[in-house]
Amino acid sequence: MHDRHGNPAGVPRDKDGHPLIQRYTANERSNHWFTAILFILLALSGLAMFHPAMAWLYGLFGGGQWTRILHPFFGVLMFVSFMLLALRMRAHNHFEEGDTQWLRQIGDVLANREEKLPKIGKYNAGQKLLFFTLVLCMIVLMLSGIVIWRQWFSHFFPIGLIRFSALMHALFAFIIIMSIIVHIYAGMWIKGSIGAMVRGTVTYGWARKHHPKWFQKVMKEGERSH
Amino acid sequence: MALQSLDIKRVSATTVQQPTARHPVGGEVAKLIDVSKCIGCKACQTACMEWNELRDEVGVNSGVYDNPIDLTPQSWTVMRFAEHETNDGNLEWLIRKDGCMHCEDPGCLKACPSPGAIVQYNNGIVDFHQENCIGCGYCVSGCPFDVPRISKKDNRAYKCTLCSDRVAVGQEPACVKTCPTGAIMFGTKEAMKEQAAGRIEDLKERGFQNAGLYDPAGVGGTHVMYVLHHADRPALYSGLANAPAISPMVGLWKGVTKPLALMGLAAAAVAGWFHYSRVGPNEVSKEEEAEALAEAKRLKGETKGEKQDA
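For the protein sequence lines, the chains are A and B, in the order given. Heads up: the first sequence at position 198 corresponds to 198 in our numbering, and the numbers run straight through without jumps. Heads up: the second sequence at position 231 corresponds to 231 in our numbering, and the numbers run straight through without jumps.
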């Protein structure tokens, strides 16, 4: 039996029978990984054109001409996919009380001293910051990317704007790759996070330790789809 | 130009030094275009088509002498006709042969992301190697003279080669060979500067007080130079750039920021490894799991002492 999100019915449990909390639905997970795969393809093809030291990456895409052809199409797909994902996540990404305090205590965050941090909901201030950084980067990359998409669009724009767009495209590509490096590392560092996005579920202990306010809300309202 | 026989001093998207032992002892080459001698016959356009086997589509008359109206992937040089009224009411027809200026500091080469698609030979000629071109159009953004054109047929960039294949075997460019008035000359850059100096003196004697050589320093000088009657106002000649230079935006985009950005990305990844190996992962202990289960029961209001479900 599966529900309309493609998830098995009933309270989720791990293989030893411990209860789990559903953090991401199957649709959210697929949306995330579709975006992630496209991001990797874009980063690799973009870096090939970014600096000669990375030019060997052209080979992954079948040479320079293919890299140039594919990169913008990957970009459009990622933009659409990301925007759908952002719409799903937007309700949980409002800055609220405690977020400033959390950012101020970034030293405690990095030193695994979570007990000293303010209680947080589904996302902490770092995750919210990532959310808004990604939204901004995606919009700037999409707009500047259209202007420098030579084959179809560049001839509609003046040379000054094309130069400015090339510069912005490189700058925001740097910011987004930097952000995703932090995002990937955070997933590897906070054990259980990758499982949340691969399997969709987290343990009670994970939820209570990292997102106590969210844990309390889930416990009061039921374990499914939060 | 594929399989070139000239030594190369700079290659696009390449960070290492090219071999420098051999260099042109006689000096680098230059083409000198004496605008004051040009009669606008377009023989140079025809010679360019002939030698380079280019045949542009037959277009339509745009109401002016310029034909074609702009540079294209099939037209690497175009005569631009400008009517200029002097202060004393005379009309001057300023005809400039437009095309690649072969900058000593080429913006196209600086912007190009494809290794080996743009090269600069030891003799100063800037050449596109289309077999390595990826068609991104960055050279168009890099050029201060709006010269490179991307073909819609093969998505590769084209422009004047200064007939590098002819120069390689000791011949002058096709346009130089064909020019009936001797307005286009070719030789070492030094010889061309001397030639220009004599001509500028003549022009000054004949009343062109501001005659001069166009060899703009902003791009390190060019290997195509103009003798202009009004060197103080290059823009009179169909918008020739007064002070061309690689745009600061291109400089920032392709300059020192890129290696720094790349190092920044590598540093972020390495910082992750060091954080992990110093602080370690953030894991949930068995005790924390047990506490969470107990709290869950309280929050759900289940009776204490009831059999645990885990």
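Calculated directly from the structure, the hints in this document are not laboratory data. For every residue, glycine included, the Cβ atom is placed at its ideal position computed from N, Cα and C. Careful, some of the hints might be misleading.
[As the list claims (entries may be wrong)] To give a feel for the contact side, a few chain A residues facing chain B, derived at Cβ under 8 Å:
#1 20
#2 113
#3 116
#4 117
#5 150
#6 185
#7 192
#8 205
So, going through the hints one by one against the coordinates:
1. 20: 10 Å, violated
2. 113: 10 Å, violated
3. 116: The hint is violated - residue 116 of chain A has no Cβ within 8 Å of chain B, the shortest such distance being about 14 Å.
4. 117: The hint is violated - residue 117 of chain A has no Cβ within 8 Å of chain B, the shortest such distance being about 12 Å.
5. 150: Holds, about 3 Å.
6. 185: Holds, because the Cβ-Cβ distance from residue 185 of chain A to chain B comes to roughly 4 Å (cut-off 8 Å).
7. 192: 6 Å, holds
8. 205: 4 Å, holds
Going down the numbered hints, you'll see the structure goes against 1, 2, 3 and 4, while the others check out.
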